Each structure stands twice: as C-alpha cells, then as structure tokens.
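> Sequence:
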Amino acid sequence: MPWTDPSRVAHAPRFVPLLNPLMRRLMGTGLPFGPNVLLTVRGRTSGRPRTFPVAVLETGGRRFVTSPYGQVNWVRNLRADGAATVSKGRERTEVEAVELSPEEGGAVLREAIAPYVTSRIGAKLVGLFYGLRPGASLEEYIEDVRGHPIFELCPRDLEAAMGPKH
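When we follow the numbering used here, the leftmost residue of the sequence shown carries the number 151, and every step to the right adds one.
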C-alpha cells in the first residue's frame, strides 16, 4: 500500500539517467561508492529486471532505501513487486521491500541522516535532496516522507540476514 501521495510522481534530474549506466558499470565491478548499492527490481509493466544505483540507510541494524527524487520509476517498480536484489560488488542479497508509513519512515529518516546533518556539506545535501534543515522536527520528517518514500529491505533468507559464516 503506498503511503505517499501517488499524484506526487516525480522525475530524477536529467543528469541522473545519464550517469546511471556509468554508475551501474563501476559499481558492478565492486568499486566502492559509500553507502550506494545496485537495486534490481522487476519492471511493473515489462516484467524485465531494472537496476538502479541507490543509497542504503542503516540504523538500528536495519537497512532502508529512500528516494531523494520522489516517486521515480524504481520506487513504483519496487512498490508493485515488493522484492528486489541488492548488489554490492559480487555480493547479492534477495530482499523483501516493505514500504514504511510516513510516521515510521519519518522517524527512521531522522535517525539515519542525523550524523550527516551535523556537517556543513551533509546539511546542504540533506537540504538539497529532502528539503530538511538541521534541527527539523519529527513532523517535518514525517511530511517529507510523504514525497520521498522509504522502504525497509528485509533479507529473504536467514543466512543473508545473519551475515557470512566465519
């Protein structure tokens, strides 16, 4: 069930689709790009796999993805399918994606990006992508999630959830 307003369909800035093929290629080789991973989800109309670079937010031992550009194609595809593959280099994890309510998502987003808004650059990026400022209230985060959906990524198998064996 989409918690965000479907009329808020958005498009990423023009440079994003131009850079995505390069990012997919570089990230597919294992080149690290911070918290970024490749998210592969089945297209909602074609059924073909579609791969997008996304940033993973981690907090409280849980993993989330959110769209800084609103309800773009990967969001609509993920919402329709509910499952995806997360890739980082050669590692692949099958996940179930659960869209959070604005109340849940607002609290998660606030906690996850708190470390970034303390720096000048981080605060500018958060402001640019989400329109949030340092010291924003929980209500502002909740309202922001209405336009920027957030999904929890839950590993589909226990071994993936627990990590590699030592």
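Calculated directly from the structure, the hints in this document are not laboratory data. Model, not experiment: these values are computed from the prediction. The beta-carbon is built from N, C-alpha and C at its ideal position, and this holds for glycine as well. Just to be clear, a hint being listed does not mean it is correct.
Computed beta-carbon distance windows for the label pairs [what the hints assert, rightly or not]:
id, residue 1, residue 2, range
1, ALA230, SER269, 33 to 39 Å
2, GLY211, GLY239, 20 to 26 Å
3, THR268, ARG198, 37 to 43 Å
4, ALA233, GLY211, 35 to 41 Å
5, THR268, GLY211, 19 to 25 Å
6, ARG270, ALA233, 37 to 43 Å
7, ASN186, GLY285, 24 to 30 Å
8, THR195, PRO284, 20 to 26 Å
9, GLU254, ARG283, 32 to 38 Å
10, ARG283, GLY197, 21 to 27 Å
> List in ascending order the numbers of the hints, as given earlier, that are violated by the structure.
The structure breaks hints 4, 8, 9, 10; every other hint is satisfied.
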